[in-house]
Amino acid sequence: MSNLDQLNKVANGLKGKSGCFLIGKIEGVDFTAAGKMENGQTYGSSVKLKFANQISSVKSVNGIDVPTTKYVSQTIKIPVTDAELVSKVQEFNSKIGKEVIIELELSDNSSFKTNNIQEIA
Numbered sequence: 858m859s860n861l862d863q864l865n866k867v868a869n870g871l872k873g874k875s876g877c878f879l880i881g882k883i884e885g886v887d888f889t890a891a892g893k894m895e896n897g898q899t900y901g902s903s904v905k906l907k908f909a910n911q912i913s914s915v916k917s918v919n920g921i922d923v924p925t926t927k928y929v930s931q932t933i934k935i936p937v938t939d940a941e942l943v944s945k946v947q948e949f950n951s952k953i954g955k956e957v958i959i960e961l962e963l964s965d966n967s968s969f970k971t972n973n974i975q976e977i978a
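Just add 857 to wherever you are in the sequence shown, counting from 1, and you've got my numbering.
Hints were generated in silico from the structure; no laboratory data involved.
Heads up, a few of these hints could be off.
[What the hints assert, rightly or not] Dumping the calculated EDC-like pairs for lysine to aspartate or glutamate here, alpha-carbon to alpha-carbon at most 20 Å:
1) Lys-934 / Asp-862
2) Lys-872 / Glu-941
3) Lys-866 / Glu-948
4) Lys-872 / Asp-887
5) Lys-905 / Asp-862
6) Lys-872 / Asp-862
7) Lys-872 / Glu-948
8) Lys-907 / Glu-962
9) Lys-955 / Glu-884
10) Lys-955 / Glu-895
11) Lys-905 / Glu-884
12) Lys-893 / Asp-862
13) Lys-907 / Asp-862
14) Lys-882 / Asp-965
15) Lys-955 / Asp-922
[Stated by the list, open to error] With beta-carbon atoms standing in for the labels, derived distance ranges:
16) Val-918 / Lys-866: 32 to 38 Å
17) Lys-874 / Thr-926: 16 to 22 Å
18) Gly-897 / Ser-917: 52 to 58 Å
19) Glu-960 / Glu-884: 17 to 23 Å
Here the structure is a predicted model, which means the values were calculated and not measured.
Built from N, CA and C at the ideal position, the CB exists for glycine as well.
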C-alpha cells in the first residue's frame, strides 16, 4: 500500500472531523519537569515526542531524475501539568515505534512549513 493510500485510509476514518493532525511514528519520548532557571525564570512541565519523517523527492543529477528519500527528525513539545507528567510519559512511551495520529491544538496564526497538500479521496 502506497503512502498516499495509507493516508487516504486514515483520512477516511476522520471524515466529518476537522482539525490539525500529525501522523507519524514515535521514535522517542523525552520530558522536562517544571522548575526554575538560575536567573529566576520558571518553566513548566512538558513531554517531547520525537519523530523521524520520511520525505520522498526527485533530484536531477546530470540531467537524470533520481528518486531520493530523506529522513527529517522532528520534535514536538506538549505542555502538561505536573500532575499529568508521569501518566503522559508512560502513555507515550507505550507508543514508541508505533504509528500514531495526534490531534493538534494550534494557536491562531501558527507558523509551520508544509510539504504538500492532498485532497481526501
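Cross-check of the supplied hints:
no. : hint                          : result
1   : Lys-934 / Asp-862             : 29 Å, violated
2   : Lys-872 / Glu-941             : 30 Å, violated
3   : Lys-866 / Glu-948             : 25 Å, violated
4   : Lys-872 / Asp-887             : 32 Å, violated
5   : Lys-905 / Asp-862             : 29 Å, violated
6   : Lys-872 / Asp-862             : 15 Å, holds
7   : Lys-872 / Glu-948             : 26 Å, violated
8   : Lys-907 / Glu-962             : 18 Å, holds
9   : Lys-955 / Glu-884             : 8 Å, holds
10  : Lys-955 / Glu-895             : 38 Å, violated
11  : Lys-905 / Glu-884             : 11 Å, holds
12  : Lys-893 / Asp-862             : 47 Å, violated
13  : Lys-907 / Asp-862             : 24 Å, violated
14  : Lys-882 / Asp-965             : 26 Å, violated
15  : Lys-955 / Asp-922             : 33 Å, violated
16  : Val-918 / Lys-866: 32 to 38 Å : 34 Å, holds
17  : Lys-874 / Thr-926: 16 to 22 Å : 30 Å, violated
18  : Gly-897 / Ser-917: 52 to 58 Å : 54 Å, holds
19  : Glu-960 / Glu-884: 17 to 23 Å : 20 Å, holds
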